[in-house]
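Student: Here the protein sequences come in this chain order: A and B.
Going left to right, the first sequence walks through residues 1 to 159 as my numbering numbers them.
Going left to right, the second sequence walks through residues 1 to 159 as my numbering numbers them.
Hints are supplied without guarantee of correctness; some may be wrong.
The list cannot tell twin chains apart, which means a pair is met if one copy fits it or any two copies do.
Unchecked claim - 20 angstroms max Cα-Cα, derived SDA-like pairs, lysine to any residue:
1) 97 / 135
2) 11 / 24
3) 13 / 76
4) 126 / 61
5) 97 / 59
6) 97 / 47
7) 97 / 7
8) 11 / 42
9) 36 / 101
Please keep in mind that the hints were generated in silico from the structure rather than gathered at the bench.
There are 2 protein chains.
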Amino acid sequence: MGVTIEDCREKFKSFLIKHNLRMTGQRMAIFEAVFKATSHFTAEELLDSAREIDRTVSRATVYRSLPILVESNLVREVDIGSSTMYYMPNTEEDPHKAQVICSDCQKIFEISAPFLQWYGSSVSSKLGLTPVSQRLQVTAACEELKASGVCTKGNEIFS
Amino acid sequence: MGVTIEDCREKFKSFLIKHNLRMTGQRMAIFEAVFKATSHFTAEELLDSAREIDRTVSRATVYRSLPILVESNLVREVDIGSSTMYYMPNTEEDPHKAQVICSDCQKIFEISAPFLQWYGSSVSSKLGLTPVSQRLQVTAACEELKASGVCTKGNEIFS
DNA sequence: CAGTTATTGAGAACGATTTGAGATTGATGG
DNA sequence: CCATCAATCTCAAATCGTTCTCAATAACTG
């Protein structure tokens, strides 16, 4: 069982308090937007996403919040060193699970993929690289499930 | 079941960001023009088509964008043998390759992963979903390679 | 409550990249 | 040789992604 969004939210709150930072509506909206993302995103995309939650979030606040999220280890900076930043939620994925994302309703299923870590390591070392992480993401459509009411609009993660 | 234009658009955006290139209106117009094409086209035809989307697109920008689109594997260069180079959108699914991204230098290697499509399909149907696409992304570090000069700062795509 | 202080949004400022217009190159064919 | 035309180059101006400024606002404290 991986880290839940509730765990992350707690971690974020603790971090804010510990660093004497305030828990504002905008920061929480940005947090929620980060963990709604299924993959990497840019600051601009995060702004759009956060504004869907709280219309008052400004670009400046997104750019101010990202370093906090990175600092608290909840978000990973992907393109280190370059002037353009690239982020993704750092949910410390189980290296043996793949995610199946429904392209209709965005529901995420986590599925066992026992070969995943092995494949990442073997391919990396074949290239002379040090393995870091691997992510297997399957996209699939749920029309039928939606029709039957099993797959509702939502973002829960199933196992 | 091909790659959707949305997948391609995401891939293009990712490529631009990863390579520290900006996502300009003109580049996006050229992208859209490419994927509106039903068959092969010349740079000049692409210019006309892109201008229907964004009147400000210039010839120079089309010629500058084509190598980016080819490099990102979204467009294929077709050498007919005439003095004019032809291009076509590359919507061909490559469901059997994984990407290995170096976390140090952002170089991308494309590696065979023959099980990938099978896994996507089988997992999708196990959940009662219709498979759409699958992506396996391995992150690895190249410190040693960089030291040895094999892996230089750069963004080429290797196969 | 009221006081203190962090945080905010709007937009100006920033450096760097990308742009368009047109000049230039360099093949190709007449 | 010259004319044509695809492709590349040039450079000042425009735009991009990001940071900064500052007056107004909103969280915590007691």
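Student: Would you list, in rising numerical order, the hints stated earlier that this structure does not obey?
Tutor: The structure conflicts with hints 4, 5, 6, although it agrees with all the remaining ones.
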